[in-house]
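Novice: One letter stands for each residue in the lines below.
Protein chains: 2
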Amino acid sequence: MKTKSLVTIIGAGAAGIGTATALKRLGIEDIQVIDKGEIGQSFLDWNTETRFITPSFNTNGFGFPDYNAITTDTSPGNFIDKEHLSGVDYADYLQQVAHFFQIPVITNETILKIHKKEDGYLLSSEQNDYETNYLIVALGDVAYPDVDKVIGSKHGIFYTNLGDYTHLKDSSVYSIIGGNESGFDAAIQLARRGKRSIIYTHTAGIDSESSDPSQSLSLYTKGRYRKYADLITIHSGVKIKEITPFEQSYYLTTDDGTVFMSETPPILATGFSNVKSPLIKDFFDVKGNRAVLNEWDESTLSPNLFMVGSQVEHEGVILCFIYKYRQRFAFIANEIASREGISIDEAELQLYKDYQMFLNDLSCCETDCAC
Amino acid sequence: MKTKSLVTIIGAGAAGIGTATALKRLGIEDIQVIDKGEIGQSFLDWNTETRFITPSFNTNGFGFPDYNAITTDTSPGNFIDKEHLSGVDYADYLQQVAHFFQIPVITNETILKIHKKEDGYLLSSEQNDYETNYLIVALGDVAYPDVDKVIGSKHGIFYTNLGDYTHLKDSSVYSIIGGNESGFDAAIQLARRGKRSIIYTHTAGIDSESSDPSQSLSLYTKGRYRKYADLITIHSGVKIKEITPFEQSYYLTTDDGTVFMSETPPILATGFSNVKSPLIKDFFDVKGNRAVLNEWDESTLSPNLFMVGSQVEHEGVILCFIYKYRQRFAFIANEIASREGISIDEAELQLYKDYQMFLNDLSCCETDCAC
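In order, the protein sequence lines correspond to chains F and E.
Going by my numbering, the first residue of the first sequence is number 764, and it counts up by one from there.
Going by my numbering, the first residue of the second sequence is number 764, and it counts up by one from there.
Check before you lean on any hint, since a few could be wrong.
Keeping only pairs whose Cα atoms sit at most 16 Å apart, straight-line, the calculated EDC-like set for lysine to aspartate or glutamate is [said to hold, decoys possible]:
#  : chain 1 : residue 1 : chain 2 : residue 2
1  : E       : K917      : E       : D1045
2  : E       : K985      : F       : D844
3  : E       : K879      : E       : D1045
4  : F       : K912      : F       : D1018
5  : F       : K1050     : F       : D911
6  : E       : K1039     : E       : D904
7  : E       : K876      : E       : D904
8  : E       : K990      : F       : E1061
9  : F       : K990      : E       : D844
10 : F       : K879      : F       : E1061
11 : E       : K1116     : F       : D1117
12 : F       : K985      : E       : D844
13 : F       : K1116     : E       : D1117
The calculated label-pair distances, taken between Cβ atoms and stated as ranges, are [to be verified]:
#  : chain 1 : residue 1 : chain 2 : residue 2 : range
14 : E       : S1040     : F       : S973      : 41 to 49 Å
15 : E       : S1106     : F       : A1133     : 30 to 38 Å
16 : E       : R989      : F       : H965      : 35 to 43 Å
Simulated coverage check for chain E against chain F, where a stretch passes if three residues somewhere in it have a Cβ under 8 Å from a Cβ of chain F [as the list claims (entries may be wrong)]:
#  : stretch
17 : 813–823
18 : 829–838
19 : 981–991
20 : 1086–1092
For the record, the hints were derived by calculation from the structure and aren't laboratory data.
Backbone N, C-alpha and C fix where the C-beta goes; we use that ideal spot for every residue, glycine too.
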């Protein structure tokens, strides 16, 4: 089997389904989405008790969709009837959106290799080849933990693998490396089970003065933390560089040589980086742990290869929430249409604009508050 | 003392301070706000454990302010560091906004009578007279319970008077009249104390199919209700018409003559209506329990008298959340400037527009969702 399409999206999560919907609604029909699992697989793989930190609330009628919506006229909160959705809830929503907008999705198909061709890309799985002119990478977070900064990270357990926490052996105190949302979520889930934890972090989100929720802890997490603060110790200003097993325990060594002892495998909440994916890493210039993108969120190395989702970042502007990165779906769709000379549905584009889902000037994004 | 100003606002709550800020920012300086209590008094008077049902979250940087913000560049959630604010939290925020934008507020001044004059209004308190060309009524909810539809309502206790619930005498089951947000909040607070309740309601918000949070229960309340569902009985499809004390108990009679018995004074959660206020009722035509307003939210009886806040309603469009009614602050300011020939600050107006805080077409407000 060899299929051809104008636009191919790898990843059927929030970013992939959202972008496919934008393409389709604007009038670009020749698209396909490919995922190695089901629609919303990353969300299905979330730890059982993890919840969206962005509250859902249906304000669609007044021109601003639910923070977690991926299109103008849907509200996952209203659809699922919850304010803070679970991963399973959200996957359900994504499946309904894909169904409603008749997005062609090929599931359970693992792309093994991407080849650059003269006029596009060739994607190969075990059985099939897929040709495409435009490639949009919509790889999520969960599958790509960023653990390289800690030597001996294999001795720890990565945040996304905590599951329902039941397999953690009893211990008086757990060690958590990383003080942002994931680190605090792990500490809170442990505390709910009566377990103490120590968060080792360079800069804790809880101390951040920033009013941008991408840089400081969400209000949801702050509220949950306050409930269990007596069970959670925050060890700020330390950077764990190495994990060394020693007898039944683990040594955690900081970059200034201090050593802490952990009775259990430390929990790594050190962030994500989809450019670690062997599938795509050669197609992007990488700075820190993020892909370098031009003003259209296109690879600076590989023309017509775009990135969407929580890993998109431009200097000073972090797009790591759905309500942020969804504003680039229709933007990219519009750009592809323009390159192809396809005349798009202007009414649909206007709808994206009216609903604050079309961001074309990243310099606008100030988050400082008077009060 | 006799003071004169172009615009006077009665009420220093979310709507009053928000409108005053919009007037000032657009360039109308000759304003004053008068309140019979402190800034945010209605919020200070909230029941201790009542919380905002609209979650706060700072998305200001991306063009849409915190749902509970009253100006473009403030976020009460971020300021107070909580997702669901208490009344005291919110009053704190309002005070800071008034301070920051230097809004002239006369507190603890009770207007006793409003007189219509040829070119405006004269407001009299015990000590002072205030002359104004434009009058904006920003009376809140809490002070104006709507109890007229229940005969013998004086035998019940109104929702807003529950305070910290400690004075409620022990009882196996409480009766609550009204099945929207307030009724459910009372039931939930009782359930948190282990007390059972029965909600008597014609149409329960929990059953509403509407995706408009003004018509169905908020996701926040649904989530809290689920926790305590076993302690809360919902008696739907009944309309309590009369409360009659009988010995140590109360009879609740429905409009079809059915009688229920309540061991304790029933809790009335029957809504609010600020046009019940003797101060303003003669200046508005009233339909149902709402003031009839023209397209500028102006009284159809009294020119240059506007209403702002949660009681503003146009056919099919209910503005009863802050994120809704704040969109009329700058709209009214703009209208007053236009009538007075004042040239406004266009950049500030544009900011209100960019932040979805300027709604000039109420026909736009659809809330149906595909998913």
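Novice: For the pair supplied as a hint, K1116(F) and D1117(E), confirm whether the alpha-carbon distance does not exceed 16 Å.
Specialist: 11 Å, holds
Novice: Verify the proposed pairing of K917(E) with D1045(E), using a straight-line Cα cut of 16 Å.
Specialist: 24 Å, violated
Novice: Please verify whether K912(F) and D1018(F) have alpha carbons no more than 16 Å apart.
Specialist: 11 Å, holds
Novice: CB of S1106(E) to CB of A1133(F), is that within 30 to 38 Å?
Specialist: 25 Å, violated
Novice: Would you mind confirming whether the straight-line C-alpha gap from K879(E) to D1045(E) stays at or under 16 Å?
Specialist: 11 Å, holds
Novice: Holds or violated: are the alpha carbons of K1116(E) and D1117(F) at most 16 Å from each other?
Specialist: With Cα atoms ~11 Å apart, K1116(E) and D1117(F) stay inside 16 Å; holds.
Novice: Can the restraint linking K990(F) and D844(E) be considered satisfied, given a maximum Cα separation of 16 Å?
Specialist: 14 Å, holds
Novice: Do three or more residues of the stretch 813–823 of chain E come closer than 8 Å to chain F, measuring C-beta to C-beta?
Specialist: holds (count 7)
Novice: Is K985(F) within 16 Å of D844(E), Cα to Cα?
Specialist: Holds. K985(F) to D844(E) sits at ~8 Å (cutoff 16 Å).
Novice: Within 16 Å, alpha carbon to alpha carbon, are K879(F) and E1061(F)?
Specialist: Given that 16 Å is the threshold and the Cα spacing comes to 15 Å, the pair holds.
Novice: With a Cβ-Cβ cutoff of 8 Å, does the stretch 829–838 of chain E contain at least three residues near chain F?
Specialist: As far as the stretch 829–838 of chain E goes, the hint holds, because 5 residues have Cβ atoms under 8 Å from chain F.
Novice: Starting from the range 35 to 43 Å, see whether the pair R989(E) and H965(F) falls in it by beta-carbon distance.
Specialist: For R989(E) and H965(F) the Cβ distance comes to about 39 Å; the hint holds.
The structure fails hints 1, 7, 8 and 15 (numbered hints given earlier, in ascending order).
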